[in-house]
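S.K.: One-letter residues, chain by chain:
Protein chains: 2
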Amino acid sequence: MAKLLIVGTVAFDAIETPFGKTDKILGGAATYIGLSASQFGVESGIVSVVGGDFPEEYLKMLNSKNIDTSGIEIIENGKTFFWSGKYHNDLNTRDTLTTDLNVLADFNPVVPKNFIDCDFLMLGNLHPSVQMAVIEQIPVRPKLVVLDTMNFWMDNTWDELIKVINKVDVITINDEEARQLSGEYSLVRAAQKIHKMGPNYVVIKKGEHGALLFNGENVFFAPALPLEEVFDPTGAGDTFAGGFIGYMASTHDISFNNMKRAVIFGSNLASFCVEKFGTERMENLSKVEVQNRLQQFKQLTQFEIELS
Amino acid sequence: MAKLLIVGTVAFDAIETPFGKTDKILGGAATYIGLSASQFGVESGIVSVVGGDFPEEYLKMLNSKNIDTSGIEIIENGKTFFWSGKYHNDLNTRDTLTTDLNVLADFNPVVPKNFIDCDFLMLGNLHPSVQMAVIEQIPVRPKLVVLDTMNFWMDNTWDELIKVINKVDVITINDEEARQLSGEYSLVRAAQKIHKMGPNYVVIKKGEHGALLFNGENVFFAPALPLEEVFDPTGAGDTFAGGFIGYMASTHDISFNNMKRAVIFGSNLASFCVEKFGTERMENLSKVEVQNRLQQFKQLTQFEIELS
Numbered sequence: 001m002a003k004l005l006i007v008g009t010v011a012f013d014a015i016e017t018p019f020g021k022t023d024k025i026l027g028g029a030a031t032y033i034g035l036s037a038s039q040f041g042v043e044s045g046i047v048s049v050v051g052g053d054f055p056e057e058y059l060k061m062l063n064s065k066n067i068d069t070s071g072i073e074i075i076e077n078g079k080t081f082f083w084s085g086k087y088h089n090d091l092n093t094r095d096t097l098t099t100d101l102n103v104l105a106d107f108n109p110v111v112p113k114n115f116i117d118c119d120f121l122m123l124g125n126l127h128p129s130v131q132m133a134v135i136e137q138i139p140v141r142p143k144l145v146v147l148d149t150m151n152f153w154m155d156n157t158w159d160e161l162i163k164v165i166n167k168v169d170v171i172t173i174n175d176e177e178a179r180q181l182s183g184e185y186s187l188v189r190a191a192q193k194i195h196k197m198g199p200n201y202v203v204i205k206k207g208e209h210g211a212l213l214f215n216g217e218n219v220f221f222a223p224a225l226p227l228e229e230v231f232d233p234t235g236a237g238d239t240f241a242g243g244f245i246g247y248m249a250s251t252h253d254i255s256f257n258n259m260k261r262a263v264i265f266g267s268n269l270a271s272f273c274v275e276k277f278g279t280e281r282m283e284n285l286s287k288v289e290v291q292n293r294l295q296q297f298k299q300l301t302q303f304e305i306e307l308s
Numbered sequence: 309m310a311k312l313l314i315v316g317t318v319a320f321d322a323i324e325t326p327f328g329k330t331d332k333i334l335g336g337a338a339t340y341i342g343l344s345a346s347q348f349g350v351e352s353g354i355v356s357v358v359g360g361d362f363p364e365e366y367l368k369m370l371n372s373k374n375i376d377t378s379g380i381e382i383i384e385n386g387k388t389f390f391w392s393g394k395y396h397n398d399l400n401t402r403d404t405l406t407t408d409l410n411v412l413a414d415f416n417p418v419v420p421k422n423f424i425d426c427d428f429l430m431l432g433n434l435h436p437s438v439q440m441a442v443i444e445q446i447p448v449r450p451k452l453v454v455l456d457t458m459n460f461w462m463d464n465t466w467d468e469l470i471k472v473i474n475k476v477d478v479i480t481i482n483d484e485e486a487r488q489l490s491g492e493y494s495l496v497r498a499a500q501k502i503h504k505m506g507p508n509y510v511v512i513k514k515g516e517h518g519a520l521l522f523n524g525e526n527v528f529f530a531p532a533l534p535l536e537e538v539f540d541p542t543g544a545g546d547t548f549a550g551g552f553i554g555y556m557a558s559t560h561d562i563s564f565n566n567m568k569r570a571v572i573f574g575s576n577l578a579s580f581c582v583e584k585f586g587t588e589r590m591e592n593l594s595k596v597e598v599q600n601r602l603q604q605f606k607q608l609t610q611f612e613i614e615l616s
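These protein sequence lines are chains A and B, in that order.
Take 1 as the starting number for the first sequence in our numbering and just add one per residue.
Take 309 as the starting number for the second sequence in our numbering and just add one per residue.
By construction, these hints were calculated from the structure, which means they are not laboratory data.
Don't be surprised by glycine CBs; every beta carbon is placed ideally from N, CA and C.
Do not take every clue at face value.
[Stated by the list, open to error] Each computed BS3-like pair below joins lysine-lysine, with the alpha-carbon atoms no more than 30 Å apart:
id, chain 1, residue 1, chain 2, residue 2
1, A, K65, A, K3
2, A, K287, B, K332
3, A, K193, B, K584
4, A, K21, B, K501
5, A, K206, B, K451
6, A, K298, B, K595
7, A, K298, B, K451
[Said to hold, decoys possible] With beta-carbon atoms standing in for the labels, derived distance ranges:
id, chain 1, residue 1, chain 2, residue 2, range
8, A, K21, B, K329, 48 to 58 Å
9, B, D361, A, T96, 50 to 60 Å
10, A, Q299, B, K475, 51 to 61 Å
11, B, Q607, A, H88, 30 to 40 Å
12, B, K504, A, E275, 21 to 31 Å
13, B, D361, A, F19, 18 to 28 Å
14, B, K373, A, D159, 50 to 60 Å
15, B, K471, A, K86, 37 to 47 Å
16, B, L405, A, N92, 34 to 44 Å
Modelling step: build the complete structure from the supplied sequences, incorporating the hints.
M.R.: Here it is in structure tokens:
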């Protein structure tokens, strides 16, 4: 059984969308990644930090999904990272209302002993120095290292980010971030430049417009499922990444053809995430639902044409 | 051999993009539709109007593609419709600099006798009353009627537009126009509402993000080919529509499965159109190039997953 290590935030979110508003609920990149990857039955563990205010029931819920939380440090006299945001009517743009780093400000990640030998490593969106610190604690290079990041780190920690990007196999970023990172408007050219920065595989997430997977001359496109309603986009990108690495870890096959399937599963799982507030949908998602939606993805994209 | 009738503008365009700028060159919806459909070897004819200033060489070029131009009325003492625009750096938005309707202002379309019995009818973007006048001249309903339109007609001729939309099988519009026409933000819901206005098939063009084909509960997605460079997007939507109806006419099969192939061909041909200014690429496009690009579309979208 492959071991998957996930590094990222475990947090409180307060979310407002045109459909409603939440109090502080469970959030964080590692949370969404872990829940999504748990669909594939892999043995996974999270490295993160929370405060004494973090409810034990959340940890228990993660454990119930076969996610090891021994790497989530609890700072008893600290407070858990808190983010709040408000989505605009189109749900594609949002304003951040609050970012309280709290215990995250001084986070020194420690990989638990039982995950030092992980086969797959997912570096969720975090300070690039934290991502690097995790890489450095793992003596034998994992089979696949995937990094997610965002424009904030490009604006503020460029040099550290470039260093860690150079160490990974796969980077997942959104289209605007790919443009910022590469200085190229065309996503094809952006991927070419990002390849040169290190990653052999570049996944560009385009939200409701799907995702592109680049590997040199090879390109694959996974659409987003057209939905009647997007309720809350929070965590969709992390859920995509979790589906991607969860599928890769469960199959233990890092070929390009298998990565195609992995981005389809990433898009599949993200399409569930946005159906309810926060992690609610992901906590209650069954394998049957995922399989049925896979059938929808096939119908959405597969066609037969004889080449003449 | 199926007969395809195309109604739409034949025009002069002057285009400015970040890559350069043209004088008055050949343009117009019917021109792009005709050139695109000509790839499929169907017998097609254009109904349109031009002025005495329209070069005969353009008509001859169209004739050389097996496009009948006897339905293009020439008003000797009139001037050809002229549009000029300037694209912004992202090439997704543009400013219209000039729209001189000229001979188009009093256009009374006349379907030539040899196309009264057309099997396929493409109503290119034009005043909805002109589109309706063409439908009314055809005594036996064609096998498939496709309509393209734009926000301008929604703003200015709503009632006439709704009437003609009710008469067609397929509507092709872009995402913003689908939202405007339906009052729904979700494209799934927009398509549902537009179905109720008449068309059994709704094609929503999303430019660089591909196109969606809706037929009741069935949805299919054709991606746009990721390109290193988009040189000039003018005519891409018309080229898409021309590829769609050209393929449908050449196969004479109006099933949903065949429409999937038709939107793939639409996207395929549009990906060529944007590679050069104006109609240049479409005038010099070979069947081999189209077939090779079809292979790229397969690689871009096809995947194998066993459903459990």
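S.K.: Next step is simple, just say for each hint if it's right about the structure.
M.R.: Outcome of the hint check:
1. With a CA separation close to 14 Å, the supplied pair K65 (chain A) and K3 (chain A) stays within the 30 Å bound.
2. Annotation: proposed proximity of K287 (chain A) to K332 (chain B) is violated, straight-line Cα distance about 59 Å (limit 30 Å).
3. Note on K193 (chain A) and K584 (chain B): the hinted pairing holds, with a Cα-Cα distance of about 24 Å set against a maximum of 30 Å.
4. The straight-line distance between the Cα atoms of K21 (chain A) and K501 (chain B) is roughly 28 Å, inside the 30 Å bound, and the hint therefore holds.
5. Proximity of K206 (chain A) to K451 (chain B) is assessed by CA-CA distance (about 37 Å); at most 30 Å being required, the pair is judged violated.
6. Between K298 (chain A) and K595 (chain B) the alpha-carbon distance is near 28 Å, which keeps this suggested pair within the 30 Å criterion.
7. This hinted pair checks out: K298 (chain A) and K451 (chain B) have alpha carbons roughly 29 Å apart, not beyond 30 Å.
8. Hint check: K21 (chain A) to K329 (chain B), Cβ distance near 50 Å, so the stated range 48 to 58 Å holds.
9. For D361 (chain B) and T96 (chain A), the hinted distance range of 50 to 60 Å is satisfied, since their beta carbons lie about 56 Å from each other.
10. Between Q299 (chain A) and K475 (chain B) the Cβ separation comes to about 29 Å, which falls outside the hinted range of 51 to 61 Å.
11. Our hint of 30 to 40 Å for Q607 (chain B) and H88 (chain A) holds, since their Cβ atoms are close to 36 Å apart.
12. The given range of 21 to 31 Å is respected by K504 (chain B) and E275 (chain A), whose C-beta atoms sit roughly 25 Å from each other.
13. In this structure, D361 (chain B) and F19 (chain A) break the distance hint of 18 to 28 Å, their C-beta atoms being roughly 56 Å apart.
14. A hinted range of 50 to 60 Å for the beta carbons of K373 (chain B) and D159 (chain A) is consistent with their spacing of about 56 Å.
15. The hinted range of 37 to 47 Å is satisfied by K471 (chain B) and K86 (chain A), whose Cβ atoms lie roughly 42 Å apart.
16. Look at L405 (chain B) against N92 (chain A): about 30 Å separates their beta carbons, and that is not inside 34 to 44 Å.
The structure shown violates the earlier hints numbered 2, 5, 10, 13 and 16.
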